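Spelled out, the chains give:
Protein chains: 2
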Amino acid sequence: MADLIQPRTLKGFRDYLPELMIPREQLLDKARRVYRSYGFAPIDTPALEYTEILMGKGGEESDRLIYRFTDHGGRDVALRFDLTIPFARFAAQYIGQLGTPFKRYHMGPVWRGENTAHGRYREFWQCDFDTIGTTSNAADIETALVIHDLMVALGFERFQVRLNNRLVLNGLLEELGLAGQAVKLLRVLDKLPKIGREKVRDEMTTLAEGESGPVVFHDRAERILALAETEGTNADILDRLQRDFGSNARAAEGIARLRELLDVAKTAGIPEERLRLDLSIARGLDYYTGTIYETFLLDKPDIGSVCSGGRYDNLAGLYTKQKLPGVGASLGLDRLLAAMEEMNLLPKASTPAPVLVVQFSPVHLGEYQKMARALRAEGIGVEVFPEPKKVGQQLKYADQRGFKVALIAGSDEFAEGVWNVKDLKSATQREKVPAAQVAEVIREILQER
Amino acid sequence: MADLIQPRTLKGFRDYLPELMIPREQLLDKARRVYRSYGFAPIDTPALEYTEILMGKGGEESDRLIYRFTDHGGRDVALRFDLTIPFARFAAQYIGQLGTPFKRYHMGPVWRGENTAHGRYREFWQCDFDTIGTTSNAADIETALVIHDLMVALGFERFQVRLNNRLVLNGLLEELGLAGQAVKLLRVLDKLPKIGREKVRDEMTTLAEGESGPVVFHDRAERILALAETEGTNADILDRLQRDFGSNARAAEGIARLRELLDVAKTAGIPEERLRLDLSIARGLDYYTGTIYETFLLDKPDIGSVCSGGRYDNLAGLYTKQKLPGVGASLGLDRLLAAMEEMNLLPKASTPAPVLVVQFSPVHLGEYQKMARALRAEGIGVEVFPEPKKVGQQLKYADQRGFKVALIAGSDEFAEGVWNVKDLKSATQREKVPAAQVAEVIREILQER
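Top line first, the protein sequences correspond to chains F and W. Read in order, the letters of the first sequence are residues 1 to 449 in the working numbering. Read in order, the letters of the second sequence are residues 1 to 449 in the working numbering.
I should point out that these hints are in silico values taken from the structure, not numbers from a laboratory. Careful: at least some of the hints might be erroneous.
Treat identical chains as interchangeable: a pair holds within one or across any two.
[To be verified] The calculated DSS-like cross-link candidates involving lysine-lysine, where the alpha carbons are at most 27 Å apart (straight line), are:
#1 K30 x K404
#2 K11 x K321
#3 K389 x K321
#4 K266 x K370
#5 K321 x K348
#6 K348 x K30
Remember, predicted model here, so these are calculated numbers, not experimental data.
Required output: the full structure, derived from the provided sequences and hints.
Okay, here's the thing in structure tokens:
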């Protein structure tokens with residue numbers, strides 16, 4: 001016999017066993033339903049792209065993370081590291097055919113050769129949705145509604161969607177004569193929760209002093225920080241913004257957009273406490289230009305935002321001259337799944353079917369499958385045990401996998417046309433249930449949970 | 001402005017636009033439901049594996065097709081080219097934890113650097129299901145039922161699952177003194193529909209003459225071909241097999257298994273014409289050892305089998321000493337999708353939501369989203385148009401995307417608490433429908449289709 005090959009996965013990659021894959025599929029399915037319910041249409045793009053497409057923006061960060069190689073045809077290719085760049089390429093390629101506005105969702109794996117020290121994986125799923133081809137605030141508002149409904153659909157009640165608008169921050173920077181340094185300053189500001197106000201202030205000052213542009217003196221850094229730290233109810237914050245920055249045209253537009261977002265969301269029935277203005281969120285990414293979204297679990301804030309996004313002026317400028325403004329967000333599915341695992345929110349079953357038909361007597365296999373198929377036709381998942389092992393062994397298997405109900409019948413029962421229906425949780429048995437009533441009895445048992 | 005990067009995909013790769021991705025997601029969802037309804041549990045494995053895992057079996061074929069490279073950590077890695085080998089590795093790694101029998105499905109993309117001449121793609125989805133850890137014929141039988149129910153769920157009525165058993169073929173070869181050459185001979189036999197009986201006979205003869213083993217004379221090749229070409233009803237074929245080969249123990253077991261499969265399927269309610277014995281199907285793959293499955297669309301037989309599989313003695317011999325027998329099959333999802341596209345079986349809509357709320361008046365955006373959310377809560381997908389364009393333009397958009405219903409309301413309607421509901425296909429409008437009845441009216445319109 002040849003030497004065995006050690007079965008193992010690559011560092012930073014993981015297998016999904018049924019106990020984890022069942023809830024992952026449920027999350028994907030729920031996210032899909034919410035996106036679809038808002039009229040977002042699915043698309044898919046290849047995992048592999050020309051490297052020049054993915055690396056269009058260059059940058060050391062991507063260089064370090066990207067899985068890149070030469071294919072059989074001598075092409076320089078790479079695995080996508082997010083779904084945004086492939087979407088930009090896709091939009092540039094087909095927008096004439098797709099028309100605008102165009103709303104899409106895209107769910108799939110991405111690959112990044114990241115440092116695995118902090119439990120990060122090198123392959124993980126993203127679930128993005130975007131509306132492109134419109135600058136209308138209606139799309140920004142809808143994005144907040146989608147995030148809200150998504151979190152509820154995924155089973156969360158205690159969460160907050162935090163909102164900001166880059167226009168407000170940019171308005172202040174303009175007032176302070178710092179408009180030209182906005183991108184760098186916002187990147188520093190974005191670190192506020194991580195490194196604290198002192199360090200942010202120092203970095204801002206150093207940054208400005210090292211540049212040829214206007215110097216950020218401490219008092220200007222303080223004003224930026226004061227804005228970011230504005231606290232109070234949504235109404236308080238809006239009033240204060242209006243008072244302090246309403247005269248700046250850019251800021252005024254941002255304020256008006258945030259106000260309309262909150263008004264519409266309220267009318268549409270979103271609980272007010274779930275949408276919170278938070279002027280400290282800036283998102284490090286420099287392509288955001290308007291509304292910004294982050295989403296936190298109140299019982300697990302330390303994992304960071306689980307659904308983030310924003311408005312951008314131009315999605316696909318690298319690939320087309322047609323300007324494509326839009327707004328969207330990305331659900332960090334695997335991060336959320338890991339959090340739910342830690343919070344014990346995941347069911348323990350490793351079977352997707354609730355019912356096991358015990359194979360009591362192999363000559364009745366046809367009858368077992370007949371009943372199983374009848375139940376499946378009514379939407380009840382049923383596994384027929386493949387071997388005529390002892391009933392006790394089959395019930396042990398049922399218990400280990402997390403089945404809820406076992407059906408047992410032998411020649412006596414078939415002669416009478418009845419089944420024994422065992423509730424595996426309470427370990428009670430309903431005996432001699434007529435075949436026609438088995439589905440109903442199973443539903444009763446399943447509903448009691 | 002920097003030069004634009006040409007937006008394009010790699011040769012052999014394709015994007016899925018909504019019109020194609022909507023039905024693809026539906027097929028995936030339907031397949032998932034069927035697998036789950038039989039108790040198959042989902043798993044996932046990484047797209048990238050150590051090359052030694054994937055190339056365990058060596059072979060020029062894989063060498064030529066595999067996407068292989070060195071990662072940042074200097075590892076020799078490759079993209080999976082099927083879901084079987086990753087499953088074998090997975091099973092070897094976790095079988096102690098998973099227990100047996102273990103039933104899994106796995107749906108995901110695979111990558112092969114194939115010649116793209118015949119419309120083949122280099123990235124495509126497979127949907128596999130397998131039962132491992134049992135030699136019981138109950139699992140073989142269930143595999144046929146799953147394939148049947150899968151095809152029905154995917155919307156087909158005119159299809160045939162063709163069945164064979166390697167044991168019958170091997171029994172004959174044993175009788176003919178050709179057992180040692182079974183793998184090679186079956187590979188040749190598998191070409192029968194492609195190259196015809198003359199060439200198969202010639203290849204068999206040449207093959208045997210060139211080997212040190214026993215020579216295949218024409219009459220022995222004729223006997224193999226005669227077996228493969230056996231025609232008649234399932235009962236006829238079984239009777240003839242029993243008469244001609246029943247004395248060979250191996251063949252007798254194969255015959256008994258096929259007979260039981262057909263009996264159980266009949267009792268379980270599978271229409272008899274959908275399961276057909278076909279002794280010519282051999283499947284080129286040498287790891288099959290028992291039941292073999294192929295599935296053909298009667299209206300599109302030229303695309304070949306859309307769901308194929310079989311029983312094997314040992315799944316994971318490369319990675320573990322534990323013998324893991326099993327049975328399973330793989331749905332060629334993208335091939336099926338391409339066939340459905342050609343057969344005009346795909347809906348033309350590029351929106352997953354049936355209802356468009358026209359944005360008649362922006363001040364009522366909150367009301368539009370309120371109604372939309374109420375309908376979504378009842379399971380009706382609703383898009384709110386993001387811009388207050390002319391109603392005609394919005395209706396044109398609705399028509400182009402394939403929306404079924406438009407909802408229109410302005411200040412007059414909101415004052416009365418009513419909506420105008422437009423059936424976009426018949427271009428008729430139900431006016432002044434009370435808000436509480438809108439969902440019901442929409443359901444009526446959608447059901448008329």
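Hints versus structure:
no., hint, verdict
1, K30 x K404, "both (23 Å within a copy, 23 Å between copies)"
2, K11 x K321, "between (41 Å within a copy, 24 Å between copies)"
3, K389 x K321, "between (68 Å within a copy, 24 Å between copies)"
4, K266 x K370, "between (52 Å within a copy, 9 Å between copies)"
5, K321 x K348, "neither (51 Å within a copy, 30 Å between copies)"
6, K348 x K30, "both (19 Å within a copy, 24 Å between copies)"
Checked against the numbered hints given earlier, this structure breaks only hint 5.
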